[in-house]
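Chain A is fixed; fit chain B onto it per the hints.
2 protein chains.
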Amino acid sequence: MKKIYINELAEYVGKEITIQGWVYNKRSSGKVKFLVLRDGSGYLQCVYFKGNVTPEVFETADKIGQESSVEVTGLVKEEPRAPGGFELDATGLNIISEAHDYPITPKEHGVEFLMDNRHLWLRSSRQVAILKIRHRIVKAIRDFFDNKGFTLMDPPIITPAACEGTSTLFETQYFDLGKAYLTQSGQLYAEAGAMALGKVYTFGPTFRAEKSKTRRHLTEFWMCEPEVAFADLNDDMDLAEEFLEYIVQTVLKDMGEELKVLERDTSMLQNVKRPLPRISYDEAVEILKKNGVEFEYGNDLGGGDETIISNQFDRPVMVHRYPAEVKAFYMKRDPENEKFALAVDVLAPEGYGEIIGGSQREDNLDYLLQRIKQHDLPQEAFEWYLDLRRFGSVPHSGFGLGLERTVSWICGLDHVRESIPFARLIYRNTP
Amino acid sequence: MKKIYINELAEYVGKEITIQGWVYNKRSSGKVKFLVLRDGSGYLQCVYFKGNVTPEVFETADKIGQESSVEVTGLVKEEPRAPGGFELDATGLNIISEAHDYPITPKEHGVEFLMDNRHLWLRSSRQVAILKIRHRIVKAIRDFFDNKGFTLMDPPIITPAACEGTSTLFETQYFDLGKAYLTQSGQLYAEAGAMALGKVYTFGPTFRAEKSKTRRHLTEFWMCEPEVAFADLNDDMDLAEEFLEYIVQTVLKDMGEELKVLERDTSMLQNVKRPLPRISYDEAVEILKKNGVEFEYGNDLGGGDETIISNQFDRPVMVHRYPAEVKAFYMKRDPENEKFALAVDVLAPEGYGEIIGGSQREDNLDYLLQRIKQHDLPQEAFEWYLDLRRFGSVPHSGFGLGLERTVSWICGLDHVRESIPFARLIYRNTP
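Chains A and B are the protein sequences, given in the same order. 1 is the number of the first residue of the first sequence in the numbering used here; add one for each residue after it. 1 is the number of the first residue of the second sequence in the numbering used here; add one for each residue after it.
If we strip away everything but chain A, and leave its shape as in the complex, we get (with noise of 0.2 Å):
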């Protein structure tokens, strides 16, 4: 007998198959016995008629404990009622390794508990469809940088400096160099790559020592970084509303069936096109007094502030211009006004906050120099990174994407720790 996967069953209307999953659901009425199975391609229903199995197989379809194994035979038969299209007129029925006590039922569960199991949990349809999403967003990310010729420059993740300071770093002993930390970002790296390439972006996990027990926070998270060579501040904003458009339409074109299980109301996704909304901080502070909000000018906005700055939106706005103060050390200054760095931030509508974040760089040396030391950065640790500015400095810009809150944004989670297979939260690193 052909074994097939749950996905393929299209082709085999009216053969018997074989199929091998897990048993999902289970129900009885009398002289019927449904199982559904799942096999990580889909869910098929197998309809086990009395009369048509032997009394042994009949019994086994009712005994069955939920996430059994087993293969099944029958017949392909397409249902319009059933999940995905097609039923199984079943014959047979082999388990191969029997579950009892499946600790993961029906009814509901304290999150706790889920994330204590968060290997079985992965299971559930719900935990499926997030993942395929993320792994659609994934693909849509890389997909839009190799299209436009983008190379892929993976950066280091042990990083001999502390960049930003060493109370939210990850710290790890390194053979007898010392400590070594993991890397907050890899954008650095990525603009040594952009003088060499042009064009590159990096997709690897960065990390975060921060005590935020918010549902934004994970202390480790994959993140994007396009850097462009040759772009100041607008060209940046150009690719990054590009790039939203096409991963949140990519995935409302291919993962629709997904977005249903998440029973996501998909009608702001709908606008996420080209042009996005642009507005200045000071803008952005206006926005911020109108709702009364008590805003101390030239401070950074928090997550509050973003929503209600977002809410104002139909789609994600995009902050440019931000106090110079409140932003990083390599960030280029408006020549037009130095006291605003030429930051830009892509904060997500319904309540999703930052999503993206984003600058031109500072490309003059004196200047960077400058930052450095009023920063209070090591400038030795810096050296290398100064030299893309003493040889052949260009003015170049970049921006980093969260995956995870993207994920969360795309598929409307309550929590980011849905948004990744195993989370890392400030109190969690099991399993």
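Worth flagging that the hints you see were computed from the coordinates, not collected in a lab. Be a bit skeptical, because a hint or two may be false.
Since the list gives no way to pick out one identical chain from another, each pair is judged satisfied if it fits inside one copy or across any two copies.
[To be verified] Calculated pairs, PhoX-like style, for lysine-lysine (alpha carbon to alpha carbon, straight line, at most 20 Å):
(1) Lys148 - Lys3
(2) Lys148 - Lys132
(3) Lys2 - Lys148
(4) Lys63 - Lys26
(5) Lys327 - Lys373
(6) Lys2 - Lys15
(7) Lys132 - Lys339
(8) Lys77 - Lys3
(9) Lys26 - Lys3
(10) Lys273 - Lys253
(11) Lys211 - Lys132
Using the frame of chain A, we list chain B on its own:
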């Protein structure tokens, strides 16, 4: 004037355009100055005729230093003898940032000097070619699994327990939860993924704090690990050989120019087609004996042994069924001879050694518990992993491919340090 990239020149023959890039090389022959420009997308020879440009431009073209960033304007001409097939009949030359005394010159430099200047060394045509081939390999790896219906599953980097002893692990303090470790492999997590999604792959950085100072070892390297439910060792070998064929043939098809820059003799790569030879450990030992190697039966194969074995074949060779004693605890024993593990290593030709290691996994709960005890592993840390055998266990298999060894092999590199943008070695974690 339209700004374009060098790899777009074919569309602009006979037109005036502007290119932004860096001075890669220059030469002079009296009334003509030649500047070779690079912009990351390619190389372009710009020809300055004394009579065609202002005296200032002509003088600039003469004096400008290597790696200065410039903007050149001119007329695109077909020129079969030029690298890339085009030439610029140049009229303008703007210096964006002049570079003096660029440290890397066409003369020979020592490797440590080049590694100290890795951020600049990346700009050489050789390093650019390697990075582009690396990118193409990464894309081929992802495309292969995406097209086969695998779901990407990013495993955690920070892991709570030491699977195979702490001596080769990088350690970090994880808030109040004690010590945590950088992952050596995502496999155990991929197994949880395979039970949820049927077919998954991981692809991310992994870490070994080994004190190995060989040309094959990095402390930080990328690994791709597919894992398939309902697959045995034969299925695993089928997948591995199809995978390798796809990667190598894709690179040969798409990256001919880059392989030429590397002066790679591709005759052995052309052979990487299915079926790959499959020999047992016992047969491998026979080969060693015939070649006069003093090898103690039962030991693992060393790097030198692998080279002798792979030299007998014209393409990668699969060695399967190793003594269980020298392999990991999670590998299933061969039911036909319990002394052997259902493991497979794929050895690359030309002395590049093991590029793939895989196995069928132990799917029996009792046997696995026994192995955990035999290996003196803390059972509690593996309870979640044991759950995969408690609830719907199925036969399953997978393997890991080391990205940097694969890049080294395909590019024909002497040392794995050139296969990754910023290599981490026991004596180097900078820049």
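Violated hints - listed by number, lowest first: Violated hints: 7, 9, 11; rest satisfied.
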